[in-house]
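Chains G, L and R are the protein sequences, given in the same order. Numbering (numbering that gives the first Met the number 0) for the first sequence: 0 to 473. Numbering (numbering that gives the first Met the number 0) for the second sequence: 0 to 255. Numbering (numbering that gives the first Met the number 0) for the third sequence: 0 to 235.
Simulated from the structure, these hints should not be mistaken for lab results. Even for Gly, the Cβ is constructed at its ideal location relative to N, Cα and C. A couple of the hints might just be wrong.
[Stated by the list, open to error] If the Cβ cut is set under 7 Å, some of the chain L residues that face chain G in the computed set are:
no.: 1; residue: Phe-18
no.: 2; residue: Thr-44
no.: 3; residue: Asp-58
no.: 4; residue: Ile-62
no.: 5; residue: Val-174
no.: 6; residue: Pro-187
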Amino acid sequence: MSAADRSFSENARAAVADPQLRRAMHHVKEGFIGKRAKAAARLPEFEVLRDAARDIKDHTLAHLDLYLERYEAQVIERGGQVHWCAGPAEARAAILDICRQAGARTVTKGKSMIGEEIDINAHLEAAGITPVETDLGEYIVQMRHERPSHIIAPAVHLTKDVIEADFRAQHRQFPADRSLSEVPELVDEARQVLRQRFLDADVGITGANFLVAETGSSIIVTNEGNGDLTQILPRVHIVIASLEKVVPTLEDAATILRVLARSATGQEFSTYTTVSTGPKRPDDVDGPEVYHVVLLDNGRSDLLDGPFREILRCIRCGACINHCPVYHTIGGHAYGSVYPGPIGAVLTPALEGIEAAADLPEASSFCGRCEAVCPMRIPLPKLLRHWRERAYDQRVTPGRLRAGIGLWAFFARRPALYGFVTGLAARLLRALGGRGGRLARLPLAGGWTRFRDLPAPEGRTFRSQWAAKKGARS
Amino acid sequence: MAETPIRVGLFVTCLVDLFRPSVGFAAVKLLEDAGCQVDVPAAQTCCGQPAYNSGDRADAKAIAAQVIAAFEGFDYVVAPSGSCAGMLREHYPLLFAGDAGMEARARALAGRTYELVSFLTDVRGVRAVDASFPGRVTYHDGCSGLRELGIRAQPRALLASVAGLDLTELPDSDVCCGFGGTFCVKYPDISNAMVGAKTACVAETGAKTLLAGDLGCLLNMAGKLRRDGVDVRVRHVAEVLAGMTAQPAIGDGEPG
Amino acid sequence: MSGDRERVLGSLRRGLGRGQDATADTAARTAVAQRIDRRQRGPIPARSDLNPAAQVELFETMAREQAATVVHVADPDGVPAAVADYLKAANLPPRVRVAPDPALGALPWDGQPLLEISTGRAAAEDLVSLTGAFAGIAETGTLMLRSGAEHPTTLNFLPDVHIVVLRAADVVGPYEDALDRLRSHESNGGNGGNGAMPRTVNFVTGPSRTADIEQTIQLGAHGPRRLHIILIDETD
Ligand code: SF4
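Here chain G stands alone, though its shape is the one from the complex (with noise of 0.2 Å):
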């Protein structure tokens, strides 16, 4: 998604006046919040456990370049390939490569963000060749020709009864008259379509949850089996990774781990958590043949030095997606980027520069839960509020709200003057509130009073009054 087709305010607006959304935004409600803070509740370690998972990605970030050497060396060793690419150019370059090499007709994906990240679907599709999403959350939205609106659930914006008709117009091959109203026909119907198509494909895509560098493993984590069943099929496995993915040990793994899932989807563990390291060894009769790594960069390596490093910490879990009431309000799709909610409106000025994506720092109210439910521990809005700040320095936050901050601040910083504005305002908002107490329109206040009336003051600051008060006391 690019930058120009991105009006955040009209999208959010929009977001907001959709009720089949509001619906399906419900279930991110009652769907991951009670189940995550159950899960945490039941583990005693839990926060030491972040803390842990917290100090193992510091210590990987301070190292990365020497991890990334030796996880490199490792996949080498076990007769694997690592594709170095700076941005998403080069990573599909590197895949559209391999794909021909191995002459693919069709290519199967396991969920895989920097999938998205690089629009690999569309330059597959470009060459000839046919992605077919896994996942049974992307493989609704590739049918629909959307995008995922969740990191971890990518069709959460959607209701039951839409996919039903989406699946009635695409799966010709059933009868029209089959029952697909309910949850376990759609996941059965999408079973059986996409089986065949795991059989057939010449290459299976699968992102990883972590890289280890002691061993060269990538690991993935899943519920559904899709992953598994796209890396073992076929004949060639590209495992599409970013850098900060790497850990040093399978005992880190193991750490985080502990915190992915239940921060998650409140899981005790993942159903699957896989962990591949090469091609198939000799003596194995079944696996690929063909192990590649495509590691990508993209804007990430610039992050070390500064205050966005943090940002690397990130496991993807979703947790701040979850929890966050901007993106309860209006799904994923409105802040028309890769990655939404907290972690997107952080992670997407970094990967597309503040310029273009300066409205999605602003879209947020820093109530901090997403912070406080980060298994990471990553300080979400003061990452947030360090965009505002570059927006600003850049003169990129909009000539307005600067010239209304200044003034605000030209008269906060003079406590007397402002003690005497401040005076006259309240008296003033008080006569236009009238005996109602309360104003419906106020001009410059438009945002406010439109959906609430402004209460009015009571009529005297309280300085005034305090001073008044010490006065007569004195």
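Starting from the known structure of chain G, arrange chains L and R with the ligand on it as the hints suggest.
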């Protein structure tokens, strides 16, 4: 008096100063009842959040420096707001990171700063107040107070001591009301949906009074309730704890 | 492409301030080498710090919680009957694709003449598979399955029903204990004896599922709809 009195500087906050001075007087009463000697330095305006949260660090620092200077002589600094107290406690030191002299002063201020209700319970050991407020009320936890300062039990504990008051928990009381300072005017549609969800929860409780510890949230929620014509009165928790509820509720006119 | 290798590494090194202080750079290298050698454990949840029998019990409880089914047999000889009974009770055809694992091959299958046994990797039409397990992890009721000649990975994912034979003696407490076992296995001849990981290690906790439609959990998304664990109680 045998003991030297505890000197408290009241950081009244810009919203209380302008919109609802009676919250300031309620705070003064509660602090005096708790044995404090209260003063209100004249050189205060605002904690600087509007600038700070808009990315205007320079103005935020200038205002912070002004607050730090104005409150240097007090044993404690107390604000009837979790959000402003959180700004002083958690963010002022960050603002001056790297400037050793100012950072030390900011830290010293931060260490002495409290939100009103938690100051009463946690520092002054207040367990009960002498007030009565018959009827069912519900309470919204302001985000900064809850998550930056860990204020949750304290207002509930003191409210439990108010005669006749029946506190019904607000569903999703920990979810933002959609105020968020400049957020609510930058993204009015989102903010409105959020405050709408909040007032729906309020209606669910059947309470006729909604309380909170932050005037920003209160103005937002009261404004929404009044616009929608919902019969729920809105007050700052300090008014009820101080037994100072003679004045009309937030956004209400003169009776009659 | 690998053309970007130096570019990306260069950018990383710049961001980390490498090449400015030789002592710091050496210290960083040492820190990395040590960290990998030591494989230090993080905080281990106390919940699985139990005696072996209680660990097996915890494993079973947690696995059931994740919708796996569990039965016990006293010794390996009881496995074929347990398989036959399970298929019968579940109304499944008595046909099983068995992993080419000598330990499974040596079981008394003759005692179940109605059971049709074949051996090898899974194909699309296989409805039921039977494999061993390298370990069971009590902490979350998780199976650790190690790929190799005796355990094709397709058996874990393609069939509708996956039956796993797990020896109680192979149940450990936390993940880390299973990793230790794996490493010692690999350096004692597993997989060529060079200590490297097998191609695939699957940690499996219950049958396949999805919550992608309206957050409603539905079993059997792409992998097995059912996971049945046969626990061999015998502890040598
Ligand atoms: S920022 Fe934290 S909560 Fe959000 S996705 Fe990343 S790890 Fe999860």
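Against the structure, the hints:
no.	hint	in the structure
1	Phe-18	5 Å, holds
2	Thr-44	5 Å, holds
3	Asp-58	4 Å, holds
4	Ile-62	5 Å, holds
5	Val-174	6 Å, holds
6	Pro-187	4 Å, holds
Checked against the numbered hints given earlier, this structure breaks none of them.
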